[in-house]
Amino acid sequence: MRPPPHLAAPAPSAAAPSAASHAGPPRRRPRHRGATMATTTTTTLSACCCRAAALAFLLAAGAATALLTFSLPSSPSASATTRTDFTGQLSVANHPPPHLSAPRAPATPPPPPPSPPAVRRRRREPSYWRMAPEEALRYAKKEIRDAEPVLDDPDLYAPLFKNVSQFKRSYELMERILKVYIYQDGRRPIFHTPPLSGIYASEGWFMKLLTESRRHVVADATRAHLFYLPYSSQQLRLTRYVPDSHDLRPLSVYLRNFVRGLAIKYPFWNRTRGADHFLVACHDWGPYTTTAHRDLRRNTIKALCNADSSEGIFTPGKDVSLPETTIRTPRRPLRYVGGLPVSRRGILAFFAGNVHGRVRPELLRHWGGRRDDEMRVYSLLPSRVSRRMSYIQHMKNSRFCLCPMGYEVNSPRIVEALYYECVPVIIADNFVLPLSEVLDWSAFSVVVAEKDIPDLKRILQGIPLRRYVRMHDCVKRLQRHFLWHARPVKYDLFHMILHSIWLSRVNQVEIEAS
3 MRPPPHLAAP APSAAAPSAA SHAGPPRRRP RHRGATMATT TTTTLSACCC RAAALAFLLA
63 AGAATALLTF SLPSSPSASA TTRTDFTGQL SVANHPPPHL SAPRAPATPP PPPPSPPAVR
123 RRRREPSYWR MAPEEALRYA KKEIRDAEPV LDDPDLYAPL FKNVSQFKRS YELMERILKV
183 YIYQDGRRPI FHTPPLSGIY ASEGWFMKLL TESRRHVVAD ATRAHLFYLP YSSQQLRLTR
243 YVPDSHDLRP LSVYLRNFVR GLAIKYPFWN RTRGADHFLV ACHDWGPYTT TAHRDLRRNT
303 IKALCNADSS EGIFTPGKDV SLPETTIRTP RRPLRYVGGL PVSRRGILAF FAGNVHGRVR
363 PELLRHWGGR RDDEMRVYSL LPSRVSRRMS YIQHMKNSRF CLCPMGYEVN SPRIVEALYY
423 ECVPVIIADN FVLPLSEVLD WSAFSVVVAE KDIPDLKRIL QGIPLRRYVR MHDCVKRLQR
483 HFLWHARPVK YDLFHMILHS IWLSRVNQVE IEAS
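Each number in this note's numbering corresponds to the 1-based position in the sequence shown with 2 added.
Check each hint, because a few of them may be wrong.
[What the hints assert, rightly or not] Pairwise CB distance ranges (calculated):
(1) R360 with R489: 34 to 44 Å
(2) A160 with R126: 26 to 36 Å
(3) A221 with H368: 35 to 45 Å
(4) R472 with N356: 29 to 39 Å
(5) S392 with A223: 46 to 56 Å
(6) S388 with G319: 40 to 50 Å
(7) R333 with H368: 32 to 42 Å
(8) T213 with Y256: 15 to 25 Å
(9) L467 with R178: 39 to 49 Å
(10) V449 with E127: 35 to 45 Å
[What the hints assert, rightly or not] Straight-line alpha carbon distances no greater than 25 Å define the calculated DMTMM-like cross-link-like pairs of lysine to aspartate or glutamate that follow:
(11) K453 with E364
(12) K181 with E136
(13) K164 with D431
(14) K492 with E127
(15) K210 with E174
(16) K210 with D494
(17) K267 with D249
(18) K144 with E177
(19) K143 with E174
(20) K164 with D475
(21) K459 with E376
(22) K453 with D442
(23) K210 with E439
(24) K143 with E439
(25) K492 with D157
Note that these hints are calculated values from the structure, not bench results.
All values reported here derive from a predicted model rather than from experimental measurement.
Glycine included, each C-beta is placed from N, C-alpha and C at the ideal position.
Start from the sequences and build out the full structure, keeping to the hints where you can.
Put into structure tokens, the structure is as follows:
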């Protein structure tokens, strides 16, 4: 057996045959042949062990890669090293580990997520306090005209309004811009003494809440957009009217002298001849207290309960129709608010009240005296009837509440009907409905001409049930806009009246600027 190559002696070169003979005695072979074979076997085993170790290393690397494939999110490197056979078992790929393989082309990145819909960025509001009052009003007029559509607002029910988008924008601007100066002149109780109960309480509650407002009232008159004449028509009547005289001139002369005093003492009235001044009067005689002063009658913004367009005092579009509210308990103005559902309203129409004016006698002549059980029409509610069902309970159990005019076109029953969730039926020609600058009264009321009183039942029965249910729902939603609160809340009656006065002033600015 030949020795391994690294132990064998080199073969003698043909060019030097004699060199081997002169190199001394020949090298001896090992005596024991077993030693040579042991050395050879050891060398062979070492080579085999090296190969086995290398194979084990490759297998371990493949197993580690497979384990990472299951435990970590998928990546291009992991997917290139492992695969799943048709039995569902994971097997190691035949190619070398990722760190020894040739670089691969980067995988195609996933498509980007869809971009969210573009949201229109709201314009930054200007610094209103830096604007002059006229400039701020012109800016507000342009913003109201270009108001963006209101898609969804939980505080506003669109069917109640003529244009809910313009109303919302106008209301927002009123809250940010409007400043009111209240004259401190005038003697009590005619001035600065608000009546808070009775059917003329609207003027008193407005005076009280505006005087307490920190948002809108300013002490610096040069910053004001509006000027308030804080008088009470009810207190003026109680103080200056001579009973049974039927002479209202003392009331108008008193108010005329007050305005003349303001024009002499302050420069503000003469700037616009009273166009930026306003008053709030709920008594029936409120319009007639302004007749002795020409500018007061023509130019001043008048918020009146007696909003009769036929007398030449109330000017639609400039003046404001004030809701007439009956407050029985000033400390709890919302005590009786609420009503019954449609299914429990068994009376078609109801009215009870004093018989005066031109409309109520006609109403009782055709429908009074319990001639029709569905039409409950009384002059005064009889005691035998009121013992079983009170006046308020009648309104809460009726589908329609009749609101005929008395001596004047206004009636507190309109707001009472809204409080008790009864659809009001308004019978008063030439009456400008309350807050009609913004409210759509056709959505929650029925207006009947005075000449159609004989056909009243047929008109009411001709309203389909589905339409009535919608009207009843609108009445319930409208109710919040006709409530007084000791501390005003957004969109309540105080803010609705103030907004209508503000809107009237804004519209005047456009006329002056054109």
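Checklist entry - Has the given pair, K453 with D442, been kept, meaning a C-alpha gap of at most 25 Å? => result Roughly 23 Å between the alpha carbons, so the hint for K453 and D442 holds.
Checklist entry - Is the straight-line distance between the alpha-carbon of K164 and that of D431 25 Å or less? => result Holds: K164 and D431 sit about 21 Å apart, inside 25 Å.
Checklist entry - For the pair supplied as a hint, K492 and D157, is the alpha-carbon distance within the 25 Å limit? => result Distance of about 9 Å is within 25 Å: holds.
Checklist entry - CB of L467 to CB of R178, is that within 39 to 49 Å? => result 44 Å, holds
Next on the checklist: A range of 40 to 50 Å was offered for this pair. Does it hold for the Cβ distance of S388 and G319?
Outcome noted: Distance hint for S388, G319 holds at roughly 43 Å.
Checklist entry - Between K144 and E177, is the straight-line Cα distance small enough, at 25 Å or below? => result Answer holds: K144 to E177 is near 16 Å, not above 25 Å.
Checklist entry - Can the restraint linking K164 and D475 be considered satisfied, given a maximum Cα separation of 25 Å? => result 17 Å, holds
Next on the checklist: Against the 25 Å threshold, does the CA-CA distance of K181 and E136 hold or violate the hint?
Outcome noted: 12 Å, holds
Next on the checklist: Assuming the hint says 29 to 39 Å, is it satisfied by the Cβ distance from R472 to N356 or not?
Outcome noted: 33 Å, holds
Next on the checklist: Hint check: K492 vs E127, CA-CA at most 25 Å. Holds or violated?
Outcome noted: Given that 25 Å is the threshold and the Cα spacing comes to 21 Å, the pair holds.
Checklist entry - Taking 25 Å as the top limit, are the C-alpha atoms of K143 and E174 close enough? => result The hint holds at about 12 Å.
Item to check | Straight-line alpha-carbon gap K459 to E376, limit 25 Å | outcome: 9 Å, holds
In this structure, the hints that do not hold are numbers 3, 17, in rising order.
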